[in-house]
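Enquirer: The listed protein sequences derive, respectively, from chains A and B. So that you can map any letter, position 265 of the first sequence is 265 in my numbering, and since no number is skipped, the others follow by simple counting. So that you can map any letter, position 156 of the second sequence is 1156 in my numbering, and since no number is skipped, the others follow by simple counting.
Don't read these hints as lab results, they were simulated from the structure. Please note that a few of the clues may not be correct.
[Unchecked claim] Computed cross-link-like contacts, SDA-like style, restricted to lysine to any residue with a CA-CA straight-line distance of at most 20 Å:
1) B:1032 to A:117
2) B:1126 to A:121
3) B:1126 to B:1050
4) B:1112 to A:79
5) B:1032 to A:138
6) B:1112 to B:1096
7) B:1142 to A:121
[To be verified] Facing chain B, a subset of chain A residues (Cβ under 8 Å, in silico):
8) 56
9) 69
10) 70
11) 73
12) 79
13) 116
14) 131
15) 258
16) 259
17) 261
18) 262
19) 265
20) 269
[What the hints assert, rightly or not] Quick look at which bits of chain B chain A covers, simulated, 3 or more residues with Cβ under 8 Å:
21) 1059–1065
22) 1116–1123
All values reported here derive from a predicted model rather than from experimental measurement. Ideal Cβ placement from N, Cα and C applies to all residues, glycine included.
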Amino acid sequence: MECRDLERRLEALAARSLAPVERARYEEHLAACAACRELLELARLEPPPGVGDDAWVDGVLARTSRAGCAAAEAALCDLIDGRLPAGERRQVASHLAGCGDCAALASVLAALAAELPRLADLRPDDRFVDDVLARTLPVAARVRRFWERAWPRWVRRPRFASEVAYVGVLVVALVVATPGSPLADAPGQALATVRADPRAGLAAPVAAVEDRIEGALERLAAGRTAAGWRESGRGALATARTTAGAAGERISSAWGTLRGEIASLLGKAGEPVPEPAESGESIEEAS
Amino acid sequence: MRRYQGRVFAVAFHYLRDREEARDAAQDIFVKVYEQLGSLRAGDAFLPWLLRLARNCCIDRLRRLKVRTPARAVAVDEVPEIPAREPSPEEASLLGARHGLLYRALARLSSKNREMILLKDIQELKLEEISQLLALPLGTVKSRSNRARIELAKAVRSLDASFGA
Chain A
1 MECRDLERRL EALAARSLAP VERARYEEHL AACAACRELL ELARLEPPPG
51 VGDDAWVDGV LARTSRAGCA AAEAALCDLI DGRLPAGERR QVASHLAGCG
101 DCAALASVLA ALAAELPRLA DLRPDDRFVD DVLARTLPVA ARVRRFWERA
151 WPRWVRRPRF ASEVAYVGVL VVALVVATPG SPLADAPGQA LATVRADPRA
201 GLAAPVAAVE DRIEGALERL AAGRTAAGWR ESGRGALATA RTTAGAAGER
251 ISSAWGTLRG EIASLLGKAG EPVPEPAESG ESIEEAS
Chain B
1001 MRRYQGRVFA VAFHYLRDRE EARDAAQDIF VKVYEQLGSL RAGDAFLPWL
1051 LRLARNCCID RLRRLKVRTP ARAVAVDEVP EIPAREPSPE EASLLGARHG
1101 LLYRALARLS SKNREMILLK DIQELKLEEI SQLLALPLGT VKSRSNRARI
1151 ELAKAVRSLD ASFGA
């Protein structure tokens, strides 16, 4: 028997599952071969705790056949996006635990996923919107928009008051000092008015007012006596009574009509007709 | 317009790689949006429609200019201003450097991969929308997107080994 024959049956020999005749042949060889004896001892060793469980197997596989760097790299984006199935996720995670390069790449990808969306919004300068509107709005709207935006800013400037005063003076000077202007002699007239005696201008109106006051006083003196005032009062009272009587008659007539209508409606509804209220009587009596 | 101007400007900048060109292109895009808004059918999502229009407009502009996107690195000070979400100047400074790094890494990618990153990872379009936009099969879009991301991640690592650590 050669060592190679024993190696072929080493697993069964270690598991002690060989038939007695065959095992006897191998034991004869083992007694003479120290190398094969050592090999059989190693084959019969128990694995330490933790070796052989799922994580251990995944770890070995991740570093060997199923998820090398290329495979992990292909799955990294889906891993970062959370789209990787659980089984593959475990394999890739196992690979990352043992591969520094792929782990660093995964960190960069995760940081990019957070950072890139912030580049979506870049601020153009402040005049950008105005420039676009200038190319799209009609002329009237553009002018209106300009005034709506520019006027308040212009007015709020500290120099606005002095600028308005300056422009006002310029306008007055141009209007008044231009030869042939209808207002050319306005300053002279204004100066003459200022220099004139104000009382001279008031004499005529004051005299007119005095005349009117005197006329009124004369009419009062030659006016009605007390008897005249009494006659006037009686006439006014008689007129008022006549008017009030006519109004009372109209109210009484309307009330009678209304009461008739109410009585008719109540009769149709089978309800008793109430006696006239005192206020109604008083109205009739008053009429 | 105020809502989408940042996105449109970002898309234009990614295609044209030049701030002024991107600004002019973004203006053209909004003018076209104004002119072609009627072609948007009821029920269509606005953002993919807008990005499709922006992409076509940028490609037209590139053809008109007869230039290719330069493969040079983009300096940090060339990067347009990022909208103010940064709470402190220190963080803003850090983000500016990080985004500059990203632009430099993006500049190293092929134009196809850069476009894929722009649409999928920056503008966050769905794979189906990108497939429609680029007239590519869904599987091709998915595999090209994954390749582009890996390529970008490697480019970023080569520029800064501590990125993401």
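Enquirer: Give a verdict on every hint.
Expert: Right, here's what the structure says about each hint:
no. : hint             : in the structure
1   : B:1032 to A:117  : violated (25 Å)
2   : B:1126 to A:121  : holds (18 Å)
3   : B:1126 to B:1050 : holds (14 Å)
4   : B:1112 to A:79   : violated (23 Å)
5   : B:1032 to A:138  : holds (16 Å)
6   : B:1112 to B:1096 : violated (25 Å)
7   : B:1142 to A:121  : violated (24 Å)
8   : 56               : violated (29 Å)
9   : 69               : violated (12 Å)
10  : 70               : violated (11 Å)
11  : 73               : holds (6 Å)
12  : 79               : violated (11 Å)
13  : 116              : holds (4 Å)
14  : 131              : holds (6 Å)
15  : 258              : violated (62 Å)
16  : 259              : violated (67 Å)
17  : 261              : violated (61 Å)
18  : 262              : violated (62 Å)
19  : 265              : violated (59 Å)
20  : 269              : violated (60 Å)
21  : 1059–1065        : violated (count 0)
22  : 1116–1123        : holds (count 4)
Checked against the numbered hints above, the structure violates hints 1, 4, 6, 7, 8, 9, 10, 12, 15, 16, 17, 18, 19, 20, 21; every other hint is satisfied.
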